[in-house]
Amino acid sequence: MNQGLVADVIVIGAGIIGAACAQALARRGLRVLVLDAGLQGATAAGMGHLLVLDDNPAELALSQYSLQRWREQAPGLPEGCAYRNNGTLWLAANAEEMAVAHSKYLDLQTQGVACELIARNALRVREPELREGLEGGLLINGDGILYAPATANWMLDTAGIEQRRARVSEVDGNRVCLDDGQWLSAEAVILANGIQASDLCPELPIEPKKGHLLITDRYPGKVTHTLVELGYVTSAHNATGPSTACNIQPRPTGQLFIGASRQFGTTDPQVEGWMLAKMLKRAAEYMPGLAQLNGIRAWTGFRAASPDGLPLIGEHPSRKGLWLAVGHEGLGVTTAPGTADLLVAQLFNETPPLAAQDYLPQRFLGEAVYA
Amino acid sequence: MPDLVLDGRALRVAEGTTVAAALALADDGCTRTSVSGQRRAPLCGMGICQECRVTIDGRRRLACQTLCQDGMQVRTRA
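Those protein sequences? They're chains A and B, same order as listed.
As numbered in UniProt numbering, residues 1 to 371 make up the first sequence, in order.
As numbered in UniProt numbering, residues 1 to 78 make up the second sequence, in order.
In isolation and in its complexed conformation, chain A is listed as follows (with noise of 0.2 Å):
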């Protein structure tokens, strides 16, 4: 570490993305100072779902890969992270969906995927609660669940990160401004900050993303698969307006999560009555008996979404020293290790364990400036 610098790498952000890539860096050796404003972001509001999903090759690799290495983990991580390979059950409402569905299980099976077709019949076999006259299902037995923010923290408390509590008021390539006016210097700044990514870079194309979700009483033993519509990848992902789909998730509690809900053009974190009960009415649609559960919190969250619906992880083009890892959308739980593996790789000037092509900042800021 060079005189003067506070720190190998200056992290902004102990989300899930931050604290992987301070954790990634941590055990390289390198010293890494993470700050937190301490502000509402995705990680301590959303489902820790981990998830393969495969609207284009770009999110299936980064999610596959993501997915490996989760499972690696999974034995070191603490009992408190949750972490639980449930699988996830697609639900299809219809044939069309189940054409989907099929196809899905084609791509996935080619890619190397581990996942089944569920048959009508054999559906409430599998969940016993789902309502009659489902048309299947699409199980992919690789994905999961944690809980993000224990998770975050266990990452955090890896030798050779310190974290302090301090909001950024402006970033300056390797250089970060404190509210306070004090500047601190690093080898290398990582932006890991989410919606609030585009306060200190205004030029990312970062727009937040507003989710519901309510958690019942504990009821164990109900559900065993986090279990989507297909809808979702339909409707949900697609949608420029409000826009509702049935994501039902067993915590290891007995307490079950429900969402999900997409909203855009608020920052208010509000719990919106009209949205929530949209949702739910939508949940119940395919778990009848949810009606009779109590639900003992609701709240809101917001994902940092980019046009494409991809991450942006790489050195900003045009701030030289200033790198980025944000935009995950829905995704930053799932893809928080293959953005720090890449992410890191990009740092040491090292070829990458996927390309890294897909998620550089370039396709949105254009060509770096700098040699």
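Heads up, a few of these hints could be off.
What the hints assert, rightly or not - With the C-beta cut set under 7 Å, the calculated list includes, among others, these residues of chain B facing chain A:
id, residue
1, T33
2, V35
3, R39
Unchecked claim - Taking CB as the label site, the calculated pair distances span:
id, chain 1, residue 1, chain 2, residue 2, range
4, B, R9, A, Q270, 43 to 49 Å
5, B, D57, A, Q270, 48 to 54 Å
6, B, Q69, A, G112, 57 to 63 Å
7, A, P57, B, T33, 46 to 52 Å
8, B, G16, A, A298, 16 to 22 Å
9, A, R167, B, T33, 54 to 60 Å
10, B, R77, A, G112, 44 to 50 Å
11, A, G29, B, M46, 20 to 26 Å
12, A, D268, B, Q69, 40 to 46 Å
These are calculated hints, taken from the structure and not from any lab test.
Using N, Cα and C, we set each Cβ at its ideal position, and we do this for glycine too.
Given chain A, put chain B in place with the hints provided.
Structure of chain B alone, referenced to chain A:
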């Protein structure tokens, strides 16, 4: 004067008594056992905190918001 059953024990309470109050009269005052095995009791008393979840006639209710009814089966232990 409703007659109810708390964890298998019969209890008669005054009209208008909440389940939370009945539990305080008859038992340890707790409504459930937490995921880590601790007993949990009513806290806010106004239906907000969700601490006083209790099983009444097979359904999960809030003890502080539920009045005792004749024949109620209240269960606080698994």
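- Query: Which hints, by number, does the structure contradict?
  - Reply: 1, 3, 5, 8, 9, 11
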